[in-house]
Amino acid sequence: MNYEISKEPINIQAVIDKVVQREAGAITTFIGTVRELTHGKKTLFLIYEAYEAMAVKKLEQIGAEIEQRWEGSCVAITHRVGRLDITDVAVVIAVSTPHRADAYEANRYAIERIKEIVPIWKKEHWEDGESWMGNQLETVAYPSGKPEAGDIDE
Amino acid sequence: MNKVLFFAHLRDAVGEEFLTVNASGKTVAELKAELSAKYNLPKMETIMTAINEEFASHDEVIRDGDEIAFIPPVSGG
Numbered sequence: 037m038n039y040e041i042s043k044e045p046i047n048i049q050a051v052i053d054k055v056v057q058r059e060a061g062a063i064t065t066f067i068g069t070v071r072e073l074t075h076g077k078k079t080l081f082l083i084y085e086a087y088e089a090m091a092v093k094k095l096e097q098i099g100a101e102i103e104q105r106w107e108g109s110c111v112a113i114t115h116r117v118g119r120l121d122i123t124d125v126a127v128v129i130a131v132s133t134p135h136r137a138d139a140y141e142a143n144r145y146a147i148e149r150i151k152e153i154v155p156i157w158k159k160e161h162w163e164d165g166e167s168w169m170g171n172q173l174e175t176v177a178y179p180s181g182k183p184e185a186g187d188i189d190e
Numbered sequence: 013m014n015k016v017l018f019f020a021h022l023r024d025a026v027g028e029e030f031l032t033v034n035a036s037g038k039t040v041a042e043l044k045a046e047l048s049a050k051y052n053l054p055k056m057e058t059i060m061t062a063i064n065e066e067f068a069s070h071d072e073v074i075r076d077g078d079e080i081a082f083i084p085p086v087s088g089g
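The listed protein sequences derive, respectively, from chains A and B. Okay, so the first sequence: first residue is 37 according to our numbering, each after it adds one. Okay, so the second sequence: first residue is 13 according to our numbering, each after it adds one.
Where hints are given, some of them may not hold.
Part of the chain A face toward chain B, derived, beta carbon under 7 Å [what the hints assert, rightly or not]: (1) ARG58; (2) GLY61; (3) ALA89; (4) MET90; (5) VAL127; (6) ILE147; (7) LYS151; (8) VAL154; (9) TRP157; (10) LYS158; (11) GLY165; (12) TRP168.
Heads up, simulated DSS-like pairs for lysine-lysine below, C-alpha to C-alpha not over 27 Å straight-line [stated by the list, open to error]: (13) A:LYS77 to A:LYS159; (14) A:LYS159 to B:LYS44; (15) A:LYS78 to B:LYS44; (16) B:LYS50 to A:LYS93; (17) B:LYS44 to A:LYS77.
The following residues of chain A were derived to be distant from chain B, with all beta-carbon distances above 12 Å [unchecked claim]: (18) ASN47; (19) THR65; (20) GLU72.
No lab work stands behind these hints, which were simulated from the structure alone. Just so it is clear, CB atoms sit at the ideal spot from N, CA and C, and this is done for glycine as well.
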């Protein structure tokens, strides 16, 4: 179970423990957290929703892509759903590899791919309203019908 | 019959988490156009479609029993 959608707070160490391997010389951990201010606009809290069965499959696909591209790598990803407050952990990605450069690179690849292909959505709640992100003026437009590289610099 | 799942702003627009429809023999594009008109769905040109939990192209033909999901631009991470 290296790829999970969780309704409960993520145990960061448990995600890291999944990628421990004797061949590894490095483990990188990415922790995505809920930011209060986006372009000066204040977020009160977020709701994350997932198409869970497909989301797990797509996380597995990302892991398979990484293990093919970076030899000897091992990946674990857990994404939270439900209501999250400011500073809460939304996603944890752990990648172990024999050498450190690959661990950094592969981890970055994972978060960018999540923002492209994993069916998870966040609803921002502000002081003056709420909106699903990915389709509104507050974020990027997707003229091709799907997120592109370069849209994903949040 | 086919289960059709909606997420994010589409779920709000339809007012249901899913619908049960007979989409057998239709293409993804045909089903999308039909439901878009019926429920006055916004921004359907940005919506991806999944059949049985895998992304599908517009010309893919839906079979009886397939689970369809309309996938708005994702915003996880």
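Report task. Find the hints from earlier in the document that the structure breaks and name them by number, from lowest to highest. Result -> 1, 2, 11, 15, 16 and 17
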